[in-house]
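Engineer: Could you build all of it, start to finish, from the sequences and the hints given here?
Chains as they are written, first to last, in our numbering: chain A, 205 to 609; chain U, 79 to 449.
Treat the hints loosely; a few may be bogus.
To give an idea of the chain U side of the interface with chain A (calculated C-beta under 10 Å), a few residues [said to hold, decoys possible]:
# : residue
1 : Val351
2 : Ala356
3 : Met358
4 : Asn363
5 : Ala373
6 : Met388
7 : Val442
Simulated from the structure, these hints should not be mistaken for laboratory data.
Cβ coordinates follow ideal geometry from the N, Cα and C atoms, glycine included.
Listed here are the chains, written in short residue letters.
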Amino acid sequence: MDFGFTPDEEQLRQEVCDLLKKEVTPELIAEVAEYSGGAGPVFGRKLLRKLGERGWLCPTWPKEYGGINSSEMVGFIIRDEMTYAGAPVSLVGATMAGPTILRFGCDELKKEYLPRLARGEIDMALGYTEPQAGSDLAALELRADDKSEAAIMERGEVNAEEKGDYFLLNGQKMFNTHAHFVEYHWLGARTDPSNPKRHRGISLMVVDLQSPGITIRNMTTIAGWKTNEVFYDNVKVPKKNLVGEKNRGFYYIMTALDFERMFPVGGFQRIFDELVDYARKTKCDGRSLSDDSVIRQKLAEMAIELEAARLLYYQLAYMLDKGEVPNYQSSMQKMFATETAHRLADVATQIMGPLGQLQRGSKWVPLNGEAELHYRWGFIETVYAGTSEIMRNIIALRGLGLPLG
Amino acid sequence: MDYGLNEQQEMLKKTARDFLNTGCPKKLVRRMVLDEMGYPQELWHKMAELGWMGLAFPEKCGGTGGSFLDLTVLLEEMGRACLPSPFFATVVLAGMIILETGNETQKQELLSKIAEGELIVTLAWTEPSGSYYPDKATTRAVVDGDNYIISGTKLFVPYAHVADYIICVAQTTSGVTLFLVDNKSQGISYTLLKTIDGDKQFEVVFDNVKVSKKDIFGKEGQGNIQLRKVLQNATVAKCIEMVGGAQQVLEMTVDYVKNRKQFGLPVGAFQAVQHHCANMLTDINTSRFLSYKAAWKINENLPYAREASMAKAWVSDAYKRVTKLGHQSMGGVSLMEDHDMPLYSKRAKAAELTLGDADFHREVLAQELGL
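Structural biologist: Set out below in structure tokens:
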């Protein structure tokens, strides 16, 4: 057993820390907030390119695609430190789409997208959810009709007007965060509507969000950050943008979730550290907040939960490096970390008393309004990327072998 | 990082599980509650033959030089089996005090006999105030020539009735001091306390008990610091014992809900039950990692006060939650006294209140965080 980092890992962690301390400026933090936690066009992209130069964005990838061939542990350490520093973390391009292309994509696709993702030049938005397909992702309906000669022949459409080496896309996506400013859509679409096994008719493809026929409409979340509806109206997507095999998309999506579902806890740890400092320095009714035994209990509890979330987080890296697939463990970590984060924000606002309701930019706001923002954000995190309830289903079914209802 | 056991530890775990599966069935556990001795002596001697008592003692003291982590592997299996025995008192509490603070003679004499299974030693530190802080002891030790005279009342002394020695925590003029008291000494009396899980815990009254000056552990007045460290180690050990119990509760529950049918389906197919089980596994995994991280730090001689309190605060609550959800998922049958569940749910409560509960350890942690 060993719960420490190796000297090499520790050294790298320090280097990452040092770089981020220099590069994460108040301007960057403000831009991250403006761009819903993502990398904005000026400071965010500049930082990602700096990290990309060192191979730190996608460190586990081979050198030819912009990585440094590192262990998963190194990748986990970097993401933990990035979130601690308040840097934007690409959870779609670098940790979901990229690894899936690496695992299942053809050479052309790898060469086209991986190096640019690893260098921080492009990013992608997740395009899974639809109005009728939330937790039940296999219900997605956005149509991608194969217009190639062979496919048309197979379907026996003698009078087909549209023909060419592309898919024709029609339908609607929803809650696609960052779609209004990143370059590509990582899209799940229905390529075989005739297959009664719904999950067998889905394909994954990369779509240029500048393609004609795409309309993006902002939706504003409870946290004030933006997400989007994305409408596809006869959008042509070249067939070479298909990831892996046609109709295998659902399988790729699920595999990616096993490998890539994880939540770094660094950002929450930073809020906690600032909160401890705040409790020590702030007086109420003539004594420090930190002298109040109820506050002491709450802070200690949060320290424990954060440590537990971090232990679950690094367990995933440990398993991946051993060649194991953390299927239920990643769900557990996602559920536990996001629920912990929401409690942390709740506790933080309570410790601040009436000041806990103040928002960033307000007169008298403590800790730049982070607690209040994350209290709202916590509702989102425990729902998106798999609700806590779906996570518990997965733990019960896959982790404990309980029967399907 | 390495979240796994090494090969030797895996073997030890397997041996311990097999041995306790046959040697410590639940029938025996329940019988021991009614038994006056409170532990199966034959099994105790077999454990000694397997080298369990001396596992973490150095070879020159009759042990096999294993690590603290090795010891915790055993404790997890003991917790899983609900083993009734003076192992924790003798090896983890008393054994650690002797190892950490004893002089060479004390170590040689006491540890080698403990390793052989020939000696039972226990620790008397809690008092009627119920304080979890060792420095709050009010039991007094007064100098009388070459001896000390000890007077005071101790509570929750495990297996005092079968112990050969009691290590007594008492105040001298220079502070908290640890005394090795022969249990046959005049002036010692004990009363069995009636506890939730029916284990053997006693009130021990020391009424002018004479102890030789040479039977002090370490330095007079330094007992507080010494005891604190040993109790911290024991706290981590207790957490891992609790993890073993919680794991068994989950396995019993999962086994039951896969087979029990209601409304035409296994109850484990209902999401309400599935979510109970998922919560149990989450509590167990987090408990396990927090506890083993603390144990690993002890093993590596790294500072661990923070981790020890994190573990006990979390596991105290988590083990209780697991037993509660186990009962809820299994329903009526699990509420019968001859079912295995009550053994665990009662032990979870007793263990919570041993060596500091969650509130106590959160306060310790708050201090460690600089609050």
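Engineer: Kindly indicate which numbered hints from before are broken by the structure, ordering the numbers from low to high.
Structural biologist: none
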